[in-house]
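With chain A held as given, fit chain B onto it using these hints.
Going down the list, the sequences are from chains A and B.
The opening position of the first sequence corresponds to residue 1 in the working numbering, with each subsequent residue numbered one higher.
The opening position of the second sequence corresponds to residue 1 in the working numbering, with each subsequent residue numbered one higher.
Don't read these hints as lab results, they were simulated from the structure.
Fair warning: there could be bad hints in the mix.
[To be verified] Pairs of lysine-lysine, DSS-like flavour, derived with a Cα cap of 30 Å:
| hint | chain 1 | residue 1 | chain 2 | residue 2 |
| --- | --- | --- | --- | --- |
| 1 | B | K364 | A | K13 |
| 2 | B | K84 | A | K112 |
| 3 | A | K37 | B | K130 |
| 4 | A | K113 | A | K34 |
[Unchecked claim] Label-pair distances were calculated between CB atoms; the ranges are:
| hint | chain 1 | residue 1 | chain 2 | residue 2 | range |
| --- | --- | --- | --- | --- | --- |
| 5 | B | I406 | A | S9 | 21 to 29 Å |
| 6 | B | L16 | A | K102 | 56 to 64 Å |
| 7 | B | Y246 | A | P103 | 39 to 47 Å |
| 8 | B | V387 | A | D28 | 30 to 38 Å |
| 9 | A | I98 | B | I214 | 34 to 42 Å |
| 10 | B | F83 | A | D28 | 51 to 59 Å |
| 11 | B | I292 | A | P103 | 45 to 53 Å |
| 12 | B | S227 | A | E95 | 38 to 46 Å |
| 13 | B | F166 | A | K30 | 43 to 51 Å |
| 14 | A | R3 | B | I406 | 38 to 46 Å |
| 15 | A | K37 | B | Y246 | 26 to 34 Å |
| 16 | A | E39 | B | N261 | 27 to 35 Å |
[As the list claims (entries may be wrong)] Facing chain B, according to a computed beta carbon distance under 10 Å, are these residues of chain A, among others:
| hint | residue |
| --- | --- |
| 17 | T38 |
| 18 | E39 |
| 19 | I40 |
| 20 | H43 |
| 21 | D45 |
| 22 | A63 |
| 23 | E66 |
| 24 | E68 |
| 25 | E71 |
| 26 | E85 |
| 27 | G90 |
| 28 | P103 |
All values derive from a computational prediction rather than experimental measurement.
Note that CB positions come from ideal geometry on N, CA and C, so glycine has one too.
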Amino acid sequence: MNREKTKISSITKELINYFLMHDAKDIDLKIRVKEDKTEINIHSDNIGFTEDDIENIRNLLNADREIENEEYYWQVIGVSSEGEELSAIGAMVDEVNIKWNKPSLEIHLIRKK
Amino acid sequence: MTNNANVKIKVQCSLLIIILLSISFIILAFIMEPPQSLLKGLIEIIIAPDILLTDYIAVGGIGAAFLNVGLMGLINSFLLYRFKIHMHGFAIASIYTVMGFSFIGKNIFNFWPIYIGGYLYSKFKKLEYKSIFLILMFATTLSPVVSEIAFGTYLPRHIAIPAGIFAGISIGFIIVPLSAQVMKFHDGYNLYNIGFAGGILGTVITSIMRGFGININTQNILSYEYSTYLCILLIIMFIMFIIIGYFKDNNNLKEYKRIFNYVGRTATDFTQLLGEGITYANMGIMGLICIIYVVLSGGVFNGPVVAGILTVVGFSAFGKHPKNVLPILIGVMLSSFFNIWDISSTSVIIAGLFGTTLSPIAGKYGWIAGIITGGVHLAISMNVGIVHGGINLYNNGFAGGIAAGIIIPILNIFKKEN
Numbered sequence: 001m002n003r004e005k006t007k008i009s010s011i012t013k014e015l016i017n018y019f020l021m022h023d024a025k026d027i028d029l030k031i032r033v034k035e036d037k038t039e040i041n042i043h044s045d046n047i048g049f050t051e052d053d054i055e056n057i058r059n060l061l062n063a064d065r066e067i068e069n070e071e072y073y074w075q076v077i078g079v080s081s082e083g084e085e086l087s088a089i090g091a092m093v094d095e096v097n098i099k100w101n102k103p104s105l106e107i108h109l110i111r112k113k
Numbered sequence: 001m002t003n004n005a006n007v008k009i010k011v012q013c014s015l016l017i018i019i020l021l022s023i024s025f026i027i028l029a030f031i032m033e034p035p036q037s038l039l040k041g042l043i044e045i046i047i048a049p050d051i052l053l054t055d056y057i058a059v060g061g062i063g064a065a066f067l068n069v070g071l072m073g074l075i076n077s078f079l080l081y082r083f084k085i086h087m088h089g090f091a092i093a094s095i096y097t098v099m100g101f102s103f104i105g106k107n108i109f110n111f112w113p114i115y116i117g118g119y120l121y122s123k124f125k126k127l128e129y130k131s132i133f134l135i136l137m138f139a140t141t142l143s144p145v146v147s148e149i150a151f152g153t154y155l156p157r158h159i160a161i162p163a164g165i166f167a168g169i170s171i172g173f174i175i176v177p178l179s180a181q182v183m184k185f186h187d188g189y190n191l192y193n194i195g196f197a198g199g200i201l202g203t204v205i206t207s208i209m210r211g212f213g214i215n216i217n218t219q220n221i222l223s224y225e226y227s228t229y230l231c232i233l234l235i236i237m238f239i240m241f242i243i244i245g246y247f248k249d250n251n252n253l254k255e256y257k258r259i260f261n262y263v264g265r266t267a268t269d270f271t272q273l274l275g276e277g278i279t280y281a282n283m284g285i286m287g288l289i290c291i292i293y294v295v296l297s298g299g300v301f302n303g304p305v306v307a308g309i310l311t312v313v314g315f316s317a318f319g320k321h322p323k324n325v326l327p328i329l330i331g332v333m334l335s336s337f338f339n340i341w342d343i344s345s346t347s348v349i350i351a352g353l354f355g356t357t358l359s360p361i362a363g364k365y366g367w368i369a370g371i372i373t374g375g376v377h378l379a380i381s382m383n384v385g386i387v388h389g390g391i392n393l394y395n396n397g398f399a400g401g402i403a404a405g406i407i408i409p410i411l412n413i414f415k416k417e418n
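Okay, chain B solo, but in the shape it has when bound:
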């Protein structure tokens, strides 16, 4: 067994990095905007319906968006600390995903009901809350349901807000068994499994709401004016990750290439398999690759793109590495040359970034399969948003689940038997 003392040090370091990152976002928020403006922006973020794509930088201003991200990071860090959760791969993936999506749909109001619902589920099933907490962090993909019902419907507020909270609690109560059920469809080849579960549940919720005459449709509220600023900020962050990785690794990253041996299917925890040093270096390298991808696509760095990049970076502790991610990105880029979608649009760029949810397919079946998968994923992701109306933030997790469920059996036809 691994030395327990080492584990305790690891936990403190990883959590500390997230806390420092969160505090940095809050400090930047106060540097960029005065407190009154931040408060006003934060309220606007909270009362926004949050349907995809709602860029909080466009809704409340960059300061308020940063404040929301920082607060979400701190609150969730406190909860991770409180429940004594080891900051291994899955936990790192979950906190970076939550922070990323705090740019586009998760805010300090709308995630709580899902956590409460999960708590009730754990009591009902006599489980330790800690054992499902990370799943609940991902389950906040459906946070927009809370905001949409509370602030986006024709209902009076005194009915709408409790109704939104009740909907969130209900989601938290059922999402854990639902995520287990849908995992079987793609065999763990879609890393954003809760996004797939959220897509199915979101489709049901949207269908019911539409039945009551409440129309939910995707939207495109995007910011464009802070692209260079966000890009520089991310570059600094990822270079720091590589430096941290270099100093934390006993062999100065000489063994980094070992990471390419892993397929990356769900439960590939690099912190456990290769150590924290290589994991952080991989997170930094993957972040820089994402930035190059956005620049080559001619895209803009805004809330959704930053969300995509931070999610990739988080999952670079839990399955993603350059060898299994690049084929997917290339597949998305190549296919966008031949179809109707604009390669530089935010929707296509995030389809590429989040499309790396399918990186285990490239890891297992090789480059060509990965490139084809990227193309198929783009087509699906550009079409399924309408089904759930954008209330499932991990739209690409939903699309990825569908893509993997179809592609894996086809690829297995051509696989050599051993």
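Next comes chain A alone, as it looks inside the complex:
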């Protein structure tokens, strides 16, 4: 697998870990690989999130894209989730969209190439 695909795989794995950690009972995942970008959409209709969790996840994911950290960060995400690693995902994507309607959570990420 090439580097870009490995990074997408790591981001996805981290998100799944995070959803499972918060007792998601169902998870839908969709990855769209386009020529200029990759879109990742993860969604659960039944997740044990609180308002604090939402605030936290917004805070963690809303980091700026940081190419300078990417080669280091992708090595740690998706390995052993504490939740803090979501900030590393934030640094690896360009756009984040979070929809929260208790108990439903949807996260849409866009990573440009």
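Below, chain B alone, put in the same frame as chain A:
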């Protein structure tokens, strides 16, 4: 997304602090010694083999050591600026680590080949050089390989210097994928991951060199006469960090305690999570805690100790805070009471300071686990230097990787399933 205008201001401020710090070191160098003496000292620093522990204050004098630190800070600041690197947690950790180790092994000659090797790797793999530059800054942990081959072997200089440069370029070329490989061993619980990679690579290099009859052994060249001076200098620096943090934080640090909620595993960037104000205050507080630790241990402030403190301070923007660091320091202190090592020796003190590389273990598994981890780390760090002969400056990163790789699976046995 974070407001871009704010980010630009942040970048300028953090870089400016490092530039001012570097210039301060250079000014102090010229105040303390005349230019001829500085030049002579700097040459002595460059031609020293740099094997652990080589205190540049003892090798070239305090003025030349300060000059080297200041120049290393300025050169690397320029490169960070040139590559438009955001001065967030990882970048802050890298520049303070480089400046700290410019007291004990990194100098204005021996880091360049590693950067060149990394550049060739980025071209070979069609990567942006910027994307691996921070890893390369940490990879200068193996800078002593360049100096050792260039100036520490029986080879004639016209062969030894190109051979040393070639070795450095080779290290820069392979260190990025190697660091990715070894991260899996400790799951990011060893913050000095490149030190672990450097330890493994250093072991291979030392083994090969020993096979050719080139003996590399650790050494102990230390200074003792500037302890109070260095201590005062550091106290001033860290109080200034706290003041900067206080004024940069919108809530006057009232939210500082939020930092204790973080485990601190690799990629915990406090500048992004809590803002620059709390980050700088944390850096200052952690610096002062390190000073108290050295004083309580009855230690001396010299090159290696200052290197340890500056590294902790840098990583206080990237995972370390009092709650996850104190158990490790206590563990090292307690274990040194019961074993053969002298608690006030520089080796034990830096094992404690650099042992905080394992602070995420305390952050995740609690105080008792942290204290035990500190004790285990001390034992490992006092023994692994001989394996790589001291050419890996982040010896404690190497020891920390081994400790974390063993301790984490054991702690997970007792972890409650959720």
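The hints, checked one at a time:
For the suggested pair K364 of chain B and K13 of chain A, the alpha carbons sit about 21 Å apart, so the restraint of at most 30 Å is met. As the CA atoms of K84 of chain B and K112 of chain A are separated by approximately 19 Å, the hinted pair is consistent with the 30 Å bound. Our distance criterion of 30 Å between C-alpha atoms is met by K37 of chain A and K130 of chain B, whose separation comes to about 20 Å. Distance check on the hinted pair: K113 of chain A and K34 of chain A sit about 9 Å apart at the alpha-carbon level, within 30 Å; holds.
Between I406 of chain B and S9 of chain A the beta carbons are some 28 Å apart, a value that agrees with the proposed interval 21 to 29 Å. For L16 of chain B paired with K102 of chain A, a C-beta distance near 44 Å fails the hint of 56 to 64 Å. Distance hint check for Y246 of chain B and P103 of chain A: the Cβ-Cβ separation is about 41 Å, which falls inside the suggested range of 39 to 47 Å. At about 50 Å, the beta-carbon gap between V387 of chain B and D28 of chain A misses the expected band of 30 to 38 Å.
Separation of I98 of chain A from I214 of chain B is about 57 Å and departs from the stated range, judged on CB atoms against 34 to 42 Å. Between F83 of chain B and D28 of chain A the beta carbon distance is about 39 Å. The supplied range of 51 to 59 Å is therefore violated. Between I292 of chain B and P103 of chain A the CB atoms are about 47 Å apart, so this pair conforms to the stated range of 45 to 53 Å. A beta carbon spacing of about 52 Å between S227 of chain B and E95 of chain A contradicts the range 38 to 46 Å that was offered as a hint.
At roughly 49 Å, the beta-carbon separation of F166 of chain B and K30 of chain A lies within the given 43 to 51 Å, and the hint holds. In this structure the hint that R3 of chain A and I406 of chain B lie 38 to 46 Å apart at CB is violated, the actual value being about 30 Å. Range check, K37 of chain A to Y246 of chain B: Cβ separation about 41 Å, and the 26 to 34 Å hint is violated. At roughly 31 Å, the beta-carbon separation of E39 of chain A and N261 of chain B lies within the given 27 to 35 Å, and the hint holds.
For T38 of chain A, the interface hint is violated, the least distance from its beta-carbon to any beta-carbon of chain B being 17 Å, above 10 Å. Using the Cβ-Cβ criterion of 10 Å, the hint placing E39 of chain A at the interface with chain B is not satisfied: the shortest such distance is roughly 16 Å. Look at I40 of chain A: its Cβ only gets to about 16 Å from chain B, farther than 10 Å, so that hint breaks. Look at H43 of chain A: its Cβ only gets to about 21 Å from chain B, farther than 10 Å, so that hint breaks.
With a least beta-carbon distance of about 21 Å to chain B, the hint placing D45 of chain A at the interface is violated under the 10 Å criterion. Below 10 Å, beta-carbon pairs count as interface contacts, and A63 of chain A has one with chain B at about 5 Å; its hint therefore holds. Interface restraint check: E66 of chain A against chain B, minimum CB-CB distance 6 Å, threshold 10 Å, status holds. A distance limit of 10 Å between C-beta atoms decides the matter here; for E68 of chain A the minimum to chain B is near 5 Å, and the interface restraint holds.
A cut of 10 Å between beta carbons decides the hint on E71 of chain A: the least distance to chain B is about 5 Å, and the hint holds. A least Cβ separation of about 6 Å between E85 of chain A and chain B falls short of the 10 Å threshold, and the interface hint therefore holds. Because the beta carbon of G90 of chain A sits about 7 Å from the nearest beta carbon in chain B, less than 10 Å, this interface hint is met. Annotation: interface hint on P103 of chain A violated; nearest CB of chain B at approximately 18 Å, more than 10 Å.
Checked against the numbered hints given earlier, the structure breaks hints 6, 8, 9, 10, 12, 14, 15, 17, 18, 19, 20, 21, 28 and satisfies all the rest.
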